[in-house]
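**Student:** Given next are the chains, with one letter for each unit.
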Amino acid sequence: DAEITQSPRHKIIETGRQVTLACHQTWNHNNMFWYRQDLGHGLRLIHYSYGVHDTNKGEVSDGYSVSRSNTEDLPLTLESAASSQTSVYFCASSEATGGWNTEAFFGQGTRLTVV
Amino acid sequence: GQSLEQPSEVTAVEGAIVQINCTYQTSGFYGLSWYQQHDGGAPTFLSYNALDGLEETGRFSSFLSRSDSYGYLLLQELQMKDSASYFCAAPDNYGQNFVFGPGTRLSVLP
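Line order of the protein sequences matches chains S and U. When we follow my numbering, the leftmost residue of the first sequence carries the number 291, and every step to the right adds one. When we follow my numbering, the leftmost residue of the second sequence carries the number 273, and every step to the right adds one.
Keep in mind the hints are simulated off the structure, nothing from the lab. Don't take each hint at face value.
Here are the simulated lysine to any residue pairs, SDA-like style, with alpha carbons at most 20 Å apart [to be verified]:
#1 LYS301(S) <-> LYS347(S)
#2 LYS347(S) <-> THR310(S)
#3 LYS301(S) <-> THR367(S)
#4 LYS301(S) <-> GLY312(U)
#5 LYS301(S) <-> THR376(S)
#6 LYS301(S) <-> PRO365(S)
#7 LYS347(S) <-> SER275(U)
#8 LYS353(U) <-> GLU281(U)
#9 LYS347(S) <-> SER299(U)
#10 LYS347(S) <-> GLU369(S)
#11 LYS353(U) <-> VAL285(U)
#12 LYS301(S) <-> ALA288(U)
#13 LYS301(S) <-> GLN375(S)
#14 LYS347(S) <-> LYS353(U)
#15 LYS301(S) <-> GLU393(S)
#16 LYS347(S) <-> ASN320(S)
#17 LYS347(S) <-> ARG334(S)
#18 LYS301(S) <-> GLY313(U)
#19 LYS347(S) <-> ASP311(U)
#20 LYS353(U) <-> ILE289(U)
#21 LYS353(U) <-> PHE301(U)
#22 LYS347(S) <-> ASN360(S)
#23 LYS301(S) <-> ALA314(U)
#24 LYS301(S) <-> SER374(S)
#25 LYS301(S) <-> LEU329(S)
#26 LYS347(S) <-> TYR366(U)
#27 LYS353(U) <-> PHE317(U)
#28 LYS353(U) <-> GLY287(U)
#29 LYS347(S) <-> SER359(S)
#30 LYS353(U) <-> GLN398(S)
Partial list, computed: chain U residues near chain S (C-beta under 7 Å) [said to hold, decoys possible]:
#31 ALA314
#32 TYR342
#33 PRO363
#34 PRO382
Each residue gets a CB set at the ideal place from its N, CA and C atoms; glycine is no exception.
If we strip away everything but chain U, and leave its shape as in the complex, we get (with noise of 0.2 Å):
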């Protein structure tokens, strides 16, 4: 099966850089997959990643290393609407359902 590790909580401000880590244990690997949650939304899909090495998206970067089973999603030029939680997913069971961090609540302060 996966397991995934997220820290519970991080603060930054306005303008900053954050980075949110994400460790993992899985018995096949299927990539490693970020999801945006606004309080009272759904999750949404932020990024995915298969191979080594970063993904850029916008003000959002994930990377992996497989080879240490850990990640991160880093967010830039940080803004209030970044106030989230933010959980990392990888697939399981041959590659078809996604299992998911605890997830990572961000807080922005002005």
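Bound conformation, chain S alone (with noise of 0.2 Å):
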């Protein structure tokens, strides 16, 4: 079955430190999504890509970034974690059908804290 998992499910980093978060999807989609989730403000765009080279930044994408080389992956880098970092990170994809998307697929979730 096709599926959307992320990586590691868990991670302790101190303040300062790059970390990346894997996120690998098994549907073939074009479009990948990361959102973070935090208590009172739901779930909330970083960034998103239409297909393999392309990137865009979403509501929340400062100290975010994001790369996409092939269609199934979509890494999301902090390049210098902060703790108002600390968060459940989701991955998302989805795949537009009659012209746009109905239906997003998300991963597990990772839950950063940063230190």
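Take the two lone chains, each set in its own frame, and fit them into one complex as the hints suggest.
**Tutor:** Right, dumping it as structure tokens:
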């Protein structure tokens, strides 16, 4: 069965360190997204990609970067981690049907703690 | 852009019916979706409405009124396992991105 997986599931890092969160999907979807989820804020879009070599900034992109070298993967990098980036991170993918997206498929999430 | 509003919490008892409302403001409209998320889990897709009216999937139904910029999720015959957070979502950016509401936490009591 097709799926979307994130790794690691949990990570603790020190302030100022760089960290990369992996996201891999086997749906062969063109669209991939990174969200962060914090209490009281729901799911907020960090970066998104509509295909290989395409990346775009979302609502809360400062301090984050992504790259898309193939269809399956969209790694999220925190260049210099800050305590404000302590959160749960979700990767998602989708495919537009009839011209737009109707359903997103989510990974299980990565709980990141910056100390 | 898009903004969506939902109540923060709803409580109901087992076997009852509960309605979770969502109002939205959009620059363009590409439908309204609903997701369920259990504590510690990932959001999972429940339903999608592109047109006005009711869509039924088992115990869950979703309704949309585009003229009122309003939708709701209806959960019938509530079970303890329905305790979760429920998010409405609307595609933005010409239908390619998903914008989520803040979520409604449903607690089902015995």
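**Student:** All hints, please: hold or fail.
**Tutor:** Hint by hint, here is what the structure shows:
1. LYS301(S) <-> LYS347(S): violated, 24 Å
2. LYS347(S) <-> THR310(S): holds, 17 Å
3. LYS301(S) <-> THR367(S): holds, 13 Å
4. LYS301(S) <-> GLY312(U): holds, 15 Å
5. LYS301(S) <-> THR376(S): Distance ~10 Å between LYS301(S) and THR376(S) Cα, so the pair holds.
6. LYS301(S) <-> PRO365(S): holds, 15 Å
7. LYS347(S) <-> SER275(U): Holds, at roughly 18 Å.
8. LYS353(U) <-> GLU281(U): holds, 16 Å
9. LYS347(S) <-> SER299(U): This hinted pair holds, its Cα atoms lying about 19 Å apart.
10. LYS347(S) <-> GLU369(S): The given pair, whose Cα atoms are some 15 Å apart, holds under the 20 Å limit.
11. LYS353(U) <-> VAL285(U): holds, 12 Å
12. LYS301(S) <-> ALA288(U): violated, 40 Å
13. LYS301(S) <-> GLN375(S): holds, 12 Å
14. LYS347(S) <-> LYS353(U): violated, 36 Å
15. LYS301(S) <-> GLU393(S): Roughly 28 Å between the alpha carbons, so the hint for LYS301(S) and GLU393(S) is violated.
16. LYS347(S) <-> ASN320(S): holds, 16 Å
17. LYS347(S) <-> ARG334(S): Holds. LYS347(S) to ARG334(S) sits at ~12 Å (cutoff 20 Å).
18. LYS301(S) <-> GLY313(U): holds, 17 Å
19. LYS347(S) <-> ASP311(U): violated, 28 Å
20. LYS353(U) <-> ILE289(U): Holds, at roughly 14 Å.
21. LYS353(U) <-> PHE301(U): Status violated; Cα separation ~32 Å.
22. LYS347(S) <-> ASN360(S): Given pair LYS347(S), ASN360(S) holds - Cα atoms ~18 Å apart, limit 20 Å.
23. LYS301(S) <-> ALA314(U): holds, 17 Å
24. LYS301(S) <-> SER374(S): holds, 15 Å
25. LYS301(S) <-> LEU329(S): holds, 19 Å
26. LYS347(S) <-> TYR366(U): Holds - the C-alpha atoms of TYR366(U) and LYS347(S) are around 16 Å apart, at most 20 Å.
27. LYS353(U) <-> PHE317(U): Holds. LYS353(U) to PHE317(U) sits at ~16 Å (cutoff 20 Å).
28. LYS353(U) <-> GLY287(U): Roughly 12 Å separates the two Cα atoms, so the pair holds.
29. LYS347(S) <-> SER359(S): Holds. LYS347(S) to SER359(S) sits at ~17 Å (cutoff 20 Å).
30. LYS353(U) <-> GLN398(S): holds, 19 Å
31. ALA314: holds, 4 Å
32. TYR342: violated, 18 Å
33. PRO363: Since chain S brings a Cβ to about 5 Å from PRO363(U), closer than 7 Å, the hint holds.
34. PRO382: violated, 26 Å
In summary, the numbered hints that this structure violates are 1, 12, 14, 15, 19, 21, 32 and 34.
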